[in-house]
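Colleague: Read off the chains here:
There are 2 protein chains.
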Amino acid sequence: MTQRDVLISEVGPRDGLQSIQTIMPTAAKKAWITATAAAGVAEIEVGSFVPAHILPQLADTAELVAHARLIPGLNVAVLVPNFKGAQAAVASGAHKITIPLSVSETHSLRNVRRTHVQMLDEVRQISALIRSLPVAERPHFEGSLSTAFGCTLEGEVPERRVLELAVALMEAGCDEVGLSDTTGYANPAQVRRLIRSVWSAVGRDQLTGIHLHNTRGQGLANVVAALDVGLTTLDASLAGLGGCPFAPGASGNIVTEDLVFMLEAMGLRTGIDLDALFALRELLQQALPDEPLYGMTPLAGLPKGFVPASFMNRQP
Amino acid sequence: MTQRDVLISEVGPRDGLQSIQTIMPTAAKKAWITATAAAGVAEIEVGSFVPAHILPQLADTAELVAHARLIPGLNVAVLVPNFKGAQAAVASGAHKITIPLSVSETHSLRNVRRTHVQMLDEVRQISALIRSLPVAERPHFEGSLSTAFGCTLEGEVPERRVLELAVALMEAGCDEVGLSDTTGYANPAQVRRLIRSVWSAVGRDQLTGIHLHNTRGQGLANVVAALDVGLTTLDASLAGLGGCPFAPGASGNIVTEDLVFMLEAMGLRTGIDLDALFALRELLQQALPDEPLYGMTPLAGLPKGFVPASFMNRQP
Chain U
44 MTQRDVLISE
54 VGPRDGLQSI
64 QTIMPTAAKK
74 AWITATAAAG
84 VAEIEVGSFV
94 PAHILPQLAD
104 TAELVAHARL
114 IPGLNVAVLV
124 PNFKGAQAAV
134 ASGAHKITIP
144 LSVSETHSLR
154 NVRRTHVQML
164 DEVRQISALI
174 RSLPVAERPH
184 FEGSLSTAFG
194 CTLEGEVPER
204 RVLELAVALM
214 EAGCDEVGLS
224 DTTGYANPAQ
234 VRRLIRSVWS
244 AVGRDQLTGI
254 HLHNTRGQGL
264 ANVVAALDVG
274 LTTLDASLAG
284 LGGCPFAPGA
294 SGNIVTEDLV
304 FMLEAMGLRT
314 GIDLDALFAL
324 RELLQQALPD
334 EPLYGMTPLA
344 GLPKGFVPAS
354 FMNRQP
Chain A
44 MTQRDVLISE
54 VGPRDGLQSI
64 QTIMPTAAKK
74 AWITATAAAG
84 VAEIEVGSFV
94 PAHILPQLAD
104 TAELVAHARL
114 IPGLNVAVLV
124 PNFKGAQAAV
134 ASGAHKITIP
144 LSVSETHSLR
154 NVRRTHVQML
164 DEVRQISALI
174 RSLPVAERPH
184 FEGSLSTAFG
194 CTLEGEVPER
204 RVLELAVALM
214 EAGCDEVGLS
224 DTTGYANPAQ
234 VRRLIRSVWS
244 AVGRDQLTGI
254 HLHNTRGQGL
264 ANVVAALDVG
274 LTTLDASLAG
284 LGGCPFAPGA
294 SGNIVTEDLV
304 FMLEAMGLRT
314 GIDLDALFAL
324 RELLQQALPD
334 EPLYGMTPLA
344 GLPKGFVPAS
354 FMNRQP
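These protein sequence lines map, in sequence, to chains U and A.
In this text, residue positions in the first sequence follow the numbering used here: the first is 44, and each later residue adds one.
In this text, residue positions in the second sequence follow the numbering used here: the first is 44, and each later residue adds one.
Pulled out of the complex, with its shape left as it was, chain U reads as follows (with noise of 0.2 Å):
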């Protein structure tokens, strides 16, 4: 069995792939899954069940979920912009459903055109599809609380909304909550305050994840923040696939490598490989000949001795 302290969520597949305009074929993304379980990570976000021509990416997210379903103790996650996909996930056998609720009212109407009450019932609707299901069948069903951290629409976003929506997320049946900082905006200290003050609104056990963008250089840094308050799962991406633009260097998520790396140097067990990692990248390029890839650690190479956490007891 291995021993994790700290869980990774590889989101490449969905959130890099949803930032490129470069199709890539299902084969190589179920390749990509492969490995990167082989890798040792044990969740990956394998797509999203929004309509193909709002993101034709991820047109085949059921049978990625499928697919990744086959590969053993690997944790099956999918994202859904509204109940429909919800039924989508629930149908192809995910086994966890996150639904974004943007904390920006701004943002929620221009990404899903949808208000917070309309949300809302929507997160609603899926709990109750969820519970109508047998218990051993059920997915885990978060609701990610985007733009938490601040809108790019709206300026600062106050802490207040992200706990009156944190508690109204579990009243209408999630499982647990999630922060997610869409924009890039977070820092350090803010990282930990609302940690805690989600963890006051809501219970400890309901907040344990975090989605951090690179976008200002601050990914590793807030996670720094997040482990020292007590999250336990992290949401990267192989290469920061989908990095920004118009920020040559800026990776959109946080780099999967680079993060792994910092943990395993920490004394913070991932159970993932970092050369098995490291090696995906040229699957990656294989497939995306035109993306460009982030990350630093895999172009320095580990230090010289480099022993990771995880393999250490794995020493003779």
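There may be inaccurate statements among the hints.
Calculated pairs, EDC-like style, for lysine to aspartate or glutamate (alpha carbon to alpha carbon, straight line, at most 16 Å) [to be verified]:
| no. | chain 1 | residue 1 | chain 2 | residue 2 |
| --- | --- | --- | --- | --- |
| 1 | U | K139 | U | E202 |
| 2 | A | K347 | U | E197 |
| 3 | U | K347 | A | E197 |
| 4 | A | K139 | A | E199 |
| 5 | A | K347 | U | E199 |
| 6 | A | K73 | A | E325 |
| 7 | U | K347 | A | E199 |
| 8 | U | K73 | U | E106 |
| 9 | A | K347 | A | E325 |
Calculated directly from the structure, the hints in this document are not laboratory data.
Dock chain A against chain U, hints included.
Modeller: Chain A in isolation, oriented as in the chain U frame:
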């Protein structure tokens, strides 16, 4: 009087310029130093007193010290590799003199062709020289423990060696020691641990600053760790000047712009005007048209409605 919670020491004119082949004209360096101070940076490492045939990029250090000393309130710092360099530094009137002592003796021999014993002898000579000056004219004298977090030649550097050499530097007459992650090997857990250990060995007031690199993307994460423990002086380089050519996107020093954004967002006052800092990049690009500039915040822009901590109380 500017209130500062953290002192940023801009090392671009020294560490940045020594890492690139292009020689920046002295006039451009002076303009850079002047504009950096005008942006609110209170300490600048303007150069290094090394023989011109070794680092022709820094041959004008004495002239830069003379220039920088005319800027009111600016702490003018220089690096010296040995006693001879320190003589020149003292003659120039620098306010702060830093001598690096590589914890890895292999690295020390490779870098300055001196053993630890020989380097400590240089330190003693420098200390005697400084103590021969009238108190008011004595520069602050720092011994910087380079490769303190690991060495590309020796690999892991025993913490015991770091502590022994920290004590030895203080006994040889330094006013203070510094920690330097020359190789970009440091991780946040190690940063916290080593700072506390050095404090135990030499006293808390004898270590206030850290010099971090971003080779593996861990720079700001390590800053968070250093701040947590209580360090208050951070080295950084504008635009991450002198980035590692083998790792695109990997700056050498941490990027001043991203660091200042993080600190100000966290509520820590640097006294630095972010917009003025961003504007400096153009000056740098004009003087070094072939060098890549790193840093994400200047390209992504500040968050909508962002108010830096340094300017909060100045709002109407």
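Colleague: Each of the hints needs a verdict: does it hold here or not?
Modeller: For each hint, the structure was consulted:
1. A hinted pair counts as satisfied when its Cα atoms are at most 16 Å apart, and U/K139 with U/E202 does not qualify at roughly 27 Å.
2. Under the criterion of a C-alpha separation no larger than 16 Å, the hint pairing A/K347 with U/E197 is consistent with the structure, at around 8 Å.
3. Under the criterion of a C-alpha separation no larger than 16 Å, the hint pairing U/K347 with A/E197 is consistent with the structure, at around 8 Å.
4. Simply put, A/K139 and A/E199 have alpha-carbon atoms about 30 Å apart, too far for the 16 Å limit, and the pair is violated.
5. Straight-line distance between C-alpha atoms of A/K347 and U/E199 comes to about 7 Å, which keeps the hinted pair within the 16 Å bound.
6. A threshold of 16 Å between alpha carbons decides the hint, and for A/K73 with A/E325 the separation of about 15 Å falls inside it, so the pair holds.
7. A distance of roughly 7 Å separates the Cα atoms of U/K347 and A/E199; the hinted pair therefore holds under the 16 Å criterion.
8. Only pairs whose Cα atoms come within 16 Å are accepted, and U/K73 paired with U/E106 is accepted, the gap being roughly 9 Å.
9. For the proposed pair A/K347 and A/E325, the alpha carbon gap of about 23 Å is over 16 Å, so the pair is violated.
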